[in-house]
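Q: Based on the hints, put chain L in the right spot on chain Z.
2 protein chains.
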Amino acid sequence: MPPATGATIGILGGGQLGRMLAVAASRLGLRTHVYEPAANPPAADVAHRVTTAPYEDAQALAAFAASVDVVTYEFENIPTSALDLIESLRPIRPNRRALAISQDRLLEKTFLNGEGLATAPWCAVEDAADLEAALARIGTPAILKTTRLGYDGKGQARIMAPEDAADALAAMAGQPAVLEGFIDFSREISVIAARGPGGEIAAYDPGENIHKAGILHTTTVPAHISPNLRSDAVLVAARILNALGYVGVMGVELFVTPGGLIVNEIAPRVHNSGHWTQNACAVDQFEQHIRAVAGWPLGDGSRFADVQMLNLIGDDVLRVPELAREAGTAIHLYGKAEARAGRKMGHVNRVKPLRANSARG
Amino acid sequence: MPPATGATIGILGGGQLGRMLAVAASRLGLRTHVYEPAANPPAADVAHRVTTAPYEDAQALAAFAASVDVVTYEFENIPTSALDLIESLRPIRPNRRALAISQDRLLEKTFLNGEGLATAPWCAVEDAADLEAALARIGTPAILKTTRLGYDGKGQARIMAPEDAADALAAMAGQPAVLEGFIDFSREISVIAARGPGGEIAAYDPGENIHKAGILHTTTVPAHISPNLRSDAVLVAARILNALGYVGVMGVELFVTPGGLIVNEIAPRVHNSGHWTQNACAVDQFEQHIRAVAGWPLGDGSRFADVQMLNLIGDDVLRVPELAREAGTAIHLYGKAEARAGRKMGHVNRVKPLRANSARG
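Line by line, the protein sequences are chains Z and L.
No gaps in the numbering here: position 215 of the first sequence is 218 in our numbering, and each next residue is one more.
No gaps in the numbering here: position 174 of the second sequence is 177 in our numbering, and each next residue is one more.
Note that these hints are calculated values from the structure, not bench results.
Errors might be hidden in some of the hints.
No distinction is drawn between identical chains; accordingly, a pair holds when it is met within one copy or between any pair of copies.
Taking lysine to aspartate or glutamate pairs in the EDC-like style, the calculated list, with each CA pair at most 16 Å apart, reads [claimed, not checked]:
#1 K355 x D303
#2 K355 x D309
#3 K215 x D318
This structure is a prediction, so every number in the text was calculated from the model and none was measured.
In isolation and in its complexed conformation, chain Z is listed as follows (with noise of 0.2 Å):
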């Protein structure tokens, strides 16, 4: 039974997931408290209400759990004492386990080899020797990446032969690490999946996803992929959410090989691969998070149309002038005032009508 209108949903971090997520509580009728340490994130503009304080302040923490009847979160990175506090006062949708196996790169491949999925072959490196019998195993080119954290490519150095070990160990900067190998995947996709409190499961259609730089560049739906792999996808992403006993959205991506799929991260929020459901579905990856979370059904996350999705980082956004004048283009811009470089703009869904061949759903 969903709650009553003018419940209120916490957020903790108030980018741009954060905004649309927001967009997407007031749809159902529910307001959006959003906790932010910056001064005038992208979601103050639509939320009902904004904390601006920093994850230490307790006092803040609390006054904001009191406010609220649940609390989810659009960003991994935050401390563990701020979520204890929370979590003695509120629900944390999704769960303290999806958090902490996404914070941790060791903690995540070893829960998804215990579930039997497939990851890059990969080696936990603290030190020089460590790195040097990863290296012997998994062999070049491979890459190095601190086992905490790590977002659009930060925190990581490509390993193309062993000389360049010394480099990539120092850019971990004494933090741990884990070396994974290359994959020789064919594309990459991702899944966006929700799991709702009584454990029933929507996903969206596989996106195909191109990056440039370490950031996401556009998603495309359809995938080009099989039907078979279609379903594997989807399988792999709910067997990820039931193991975990997940509430909430979450994003998969995966690789394409030649022996099947494989797991390249998990990340337990909205995903920016799936900003192409805002025009293209009845219920967006927003909504259906702010469902799952706030206990309503999950909705119909159906495809009706063809779409590309299209990051603007940076002064991409300068192209908004031109953009606003194609047909069949939605754009979405987040409300930052400074372009710098690498820095998500905003982003345009280009729709068209699903094509013949292109099943619904």
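A: Using the frame of chain Z, we list chain L on its own:
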């Protein structure tokens, strides 16, 4: 050239139309400042800023106008004194003439007939003698309406036979009125059309409306009309927009009769019968309106799905738990706490892929 991110649109009125305008503005990176006499209006949940003050508060109006770049409105019933004050400080879009005409049925019908557009036969009625003469000319059944305002069937009285005349006149409570002849129409359709500051025009596919108890019940797109009538309807709307030098979105209600299209009424704002555009077009009526008033190029209003909009009036909102489970159904609630009879609480858009014989509009 679109205004910079962070520009602010002032919106007079904080109801559901203001709420959905604020959400649309956020997609374009624009902020909204809502002016509304009542506390906690629906638009407050998603507006960047809200002023709660009566339309007679000159100081509040001036501060509001000074804080925004351009002013628009979500309803027609705004006191002239407030508009005069605001217009001395900031542009009002759509313009005052459109507002004056839509506020007064006599002005509206005179304007429409002057443009060569058909209306129902009508006579101005100020007293019993006028009404007797009008009934002699127009006959019964007919409908007596107050000249000014009137919304969702208020201020109207049917005259089925001459002996109903006295009661109908009494229902006008001494206000000037207009007697309209009944129209023998097969369908009511409406066109949602927009005009930009440079004179460009964009129209959505006409929708077919069903009313219940004087309140819009459903809008269905495509309307069951011939391609010729579809073009005619769009041309009628374009003529009105051009004649008024209009900037923004307008709703034009039309009757389909054996003799052609008859204009029922015009609304100088986003319109309930255009809510379907939220889930079937890349750019919906709310964004189209914001684009026009903010000086952006108009967007693509092509329809890429068939859709039926169903209003949720009063207790209809109790159906939400069931509607939330429906395939292809998008829910839009307005955040109103109390479901009074006749109150618009929300709407749903039921979306289906385009029918094969339904051309992209």
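Q: Hints first: check each against the structure and report whether it holds.
A: Against the structure, the hints:
1. K355 x D303: Cα proximity of K355 and D303: across copies only (12 Å, versus 19 Å in one copy).
2. K355 x D309: For K355 and D309, the Cα distance is within 16 Å both inside one copy (5 Å) and across copies (14 Å).
3. K215 x D318: within (14 Å within a copy, 51 Å between copies)
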